[in-house]
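Can you make the complete structure from the sequences, with help from the hints?
Quick mapping for you: the protein sequence lines, in order, are chains Z and A. Residue numbering for the first sequence follows this note's numbering, beginning at 84 and increasing consecutively. Residue numbering for the second sequence follows this note's numbering, beginning at 84 and increasing consecutively.
Treat the hints as calculated values from the structure; they're not laboratory data. Fair warning: there could be bad hints in the mix.
Claimed, not checked - Non-contacting residues of chain Z with respect to chain A, defined by C-beta distances greater than 10 Å in every case (computed):
#, residue
1, R103
2, S123
3, P129
4, L135
5, S170
Stated by the list, open to error - Which stretches of chain A does chain Z cover? Using the computed rule of at least three CB atoms under 8 Å from a CB of chain Z, they are:
#, region
6, 116-125
7, 158-167
The C-beta atom is built at its ideal place from N, Cα and C for all residues, glycine as well.
Now for the letters of each chain:
2 protein chains.
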Amino acid sequence: MPRAPTTADVFNAVAEPRRRAILDELARRGPRDVSRLVRSLHLSQPTVSKHLGVLRRVGLVSATAEGRRRLYRLNAAQLRPMHEWVSRFERFWTHQLDRIKQRAEGRAAAHRAEHTTRN
Amino acid sequence: MPRAPTTADVFNAVAEPRRRAILDELARRGPRDVSRLVRSLHLSQPTVSKHLGVLRRVGLVSATAEGRRRLYRLNAAQLRPMHEWVSRFERFWTHQLDRIKQRAEGRAAAHRAEHTTRN
DNA sequence: TAAGTATATGCTCATATGGGAATATGTCAA
DNA sequence: TTGACATATTCCCATATGAGCATATACTTA
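Have a look at this one:
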């Protein structure tokens, strides 16, 4: 079974640096039309449109026709599951205690490894 | 310029569901060797090894030789930049106030687009 | 209606991916 | 040593991607 259709989920959509750039831009400056994004991100128009297409498909942005231009607006709520997923790991670098525990485990394993075998 | 080598960064590494599963497992149960992961995740051994390879390359896990098996251990700190990036969007779904503000910005921008310059 | 502007799409190309199967490598046990 | 186990790597294949270019679409304005 080859790779699954990727750009169909938020994690993959956001894995593309330029798509993150687009989201950043929309978050910072509010709704923007395509040409404006093209100018601020220094990308070709088709490239921007395609990335916006991916973001739209996963619901991270929505577009409203505004004459012949299209206003894209951030729909950040779709990032929530991702935020929740990463947040589950927050404790690993936040709490001193966990850091210590983790290091201790590390040492134990290293110690074990050192003595069980000779490499 | 075709696509950039992807699995070279954390965002991409984590875009793969099975790789997230591996990280989840390591986070929940602590260090694990490959066969154990193979069994709990119901994936083939080569598949697991390959995914671990990607995770290792981006620093999300580290391995210590433990006899003929290899103990993989989570290195969640690498997720921090990602956590920080997503967190910047947290306000969009957390605070009622921001939600309202966002809509207001949206309207303002729409208004501007309609009335200001023609590109 | 005919240009002109703003966006979206289609096509092609080079490359990345992930899985499966087979195999290499390294390690332990008898 | 030899054979069993644990893990990594290689090869092949089908498919996904992203970029550039050209073109289709839509709306707007002269």
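Results for each hint:
1. R103: violated (7 Å)
2. S123: holds (13 Å)
3. P129: The claim stands: P129 of chain Z keeps its Cβ more than 10 Å from every Cβ of chain A (closest is about 14 Å).
4. L135: holds (16 Å)
5. S170: About 7 Å separates S170 of chain Z from the closest Cβ of chain A, which leaves it inside 10 Å; violated.
6. 116-125: Violated - the region 116-125 of chain A has 0 residues with a Cβ nearer than 8 Å to chain Z, which falls short of three.
7. 158-167: It holds, with 6 qualifying residues against the three required.
The structure fails hints 1, 5, 6 (numbered hints given earlier, in ascending order).
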